[in-house]
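Put the two chains together into one complex; each comes in its own frame, and the hints tell you how they fit.
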Amino acid sequence: DAGITQSPRHKVTETGTPVTLRCHQTENHRYMYWYRQDPGHGLRLIHYSYGVKDTDKGEVSDGYSVSRSKTEDFLLTLESATSSQTSVYFCAISEGTGPGGYTFGSGTRLTVV
Amino acid sequence: ILNVEQSPQSLHVQEGDSTNFTCSFPSSNFYALHWYRWETAKSPEALFVMTLNGDEKKKGRISATLNTKEGYSYLYIKGSQPEDSATYLCAFEDSNSGYALNFGKGTSLLVTP
Chain A
1 DAGITQSPRH KVTETGTPVT LRCHQTENHR YMYWYRQDPG HGLRLIHYSY
51 GVKDTDKGEV SDGYSVSRSK TEDFLLTLES ATSSQTSVYF CAISEGTGPG
101 GYTFGSGTRL TVV
Chain B
1 ILNVEQSPQS LHVQEGDSTN FTCSFPSSNF YALHWYRWET AKSPEALFVM
51 TLNGDEKKKG RISATLNTKE GYSYLYIKGS QPEDSATYLC AFEDSNSGYA
101 LNFGKGTSLL VTP
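So the sequences go chain by chain: A and B. Numbering-wise, the first sequence is residues 1 to 113 according to the working numbering. Numbering-wise, the second sequence is residues 1 to 113 according to the working numbering.
Excised from the complex, chain B in its bound form (with noise of 0.2 Å):
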């Protein structure tokens, strides 16, 4: 089991502010951190997947920074919406293990207008 831990566990704030989460994973053995954001009784949305150390990625208001070196990537929403209210995973590719995907525990996000 792949210890993937992510802060807060969750996170209220207003329409308009910006925020970040972080997530934490084993750095040995590296092949690919994956963030997701679902909403209850629907199926995790891929946001980003992100392989090399030093990578960003960005979609929309969102971005994500990898660091394989100390095993944390964060995520960005710039100008929260309430939209964007919803949990975010972050999840770890096992390549020992059939590429499984190990998740943290998410972060959920409120954003209130």
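So here's chain A without its partners, still in its complex pose (with noise of 0.2 Å):
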């Protein structure tokens, strides 16, 4: 979606690496989300921001952190990558103005081998 990108749009890494996604917007968004898809559970949030260095945690935080430090970047970091976390992680932004007016990336397609 225009405003909103993921990088990289395909990964493949090794059990207990590192590994950092990251999601750029060009809306001036005060909210970012990060969320992973899953067959069978929908898309669920891992954590989210509200502001420039401001994080907190969602329904599946363990194992992820996420770092903020310009309104543009919301970074994901897999601390340890294991196997679990093989799945296709989304970016979402949002203006926080009133309900609704979200706008989702394209997504980020994560295997860990």
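Hints listed in this document are in silico derivations from the structure and should not be mistaken for laboratory results. These numbers come from a predicted model, not from an experiment. One thing to keep in mind: the hints can contain errors.
To give an idea of the interface, some chain A residues facing chain B are shown, with a C-beta separation under 10 Å as derived from the structure [stated by the list, open to error]:
| hint | residue |
| --- | --- |
| 1 | 43 |
| 2 | 96 |
| 3 | 100 |
| 4 | 101 |
Each residue gets a CB set at the ideal place from its N, CA and C atoms; glycine is no exception.
Listed below in structure tokens is the structure:
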């Protein structure tokens, strides 16, 4: 979607290695979110941010950390990747000024071997 | 974690059939309810955002209703077409957690000619 990009789009990594996924926005939205998508689970919230250096945990935060040092970038780090973290990761942004107004990125497919 | 339930889990209908799905969500502290259409490997596509009890929204052959007092929403598809095949997600917008979307597991719809 215009205004939000995720990188990389695909990544294969080995168990035990650290991995960082990047979400970049050009909309100047306050709120940013990381979700993971797995069969039978829909989309589950990992972490979210409500401003620069302001982050909080979501439903499935174990094994993940995030950082937001500037408005436009929200980084998701898998500290030591495991096979259970093989998934498709989606970033989303929201103005937070009223219901709705979410934009999702195109997703990052991560495979941990 | 807010519990959002969707039923049925999957549905297989013939072209031309009308169908409907259910989403149930916590009725306390309601803020907004979202419906998304989602195809594998693509970003979720927003269908509706509903905020008021009794809301009804329509987009072509797809419509949705909202009952915030009892905590449920229905999504209807009239005259299903093969291109309607997708997963339909509902999400509860949580104003207490950075306006994050709490998704149900989705209803997978397959429409065959």
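Taking the hints in turn, this is what the structure says about them:
no.: 1; hint: 43; verdict: 4 Å, holds
no.: 2; hint: 96; verdict: 5 Å, holds
no.: 3; hint: 100; verdict: 4 Å, holds
no.: 4; hint: 101; verdict: 8 Å, holds
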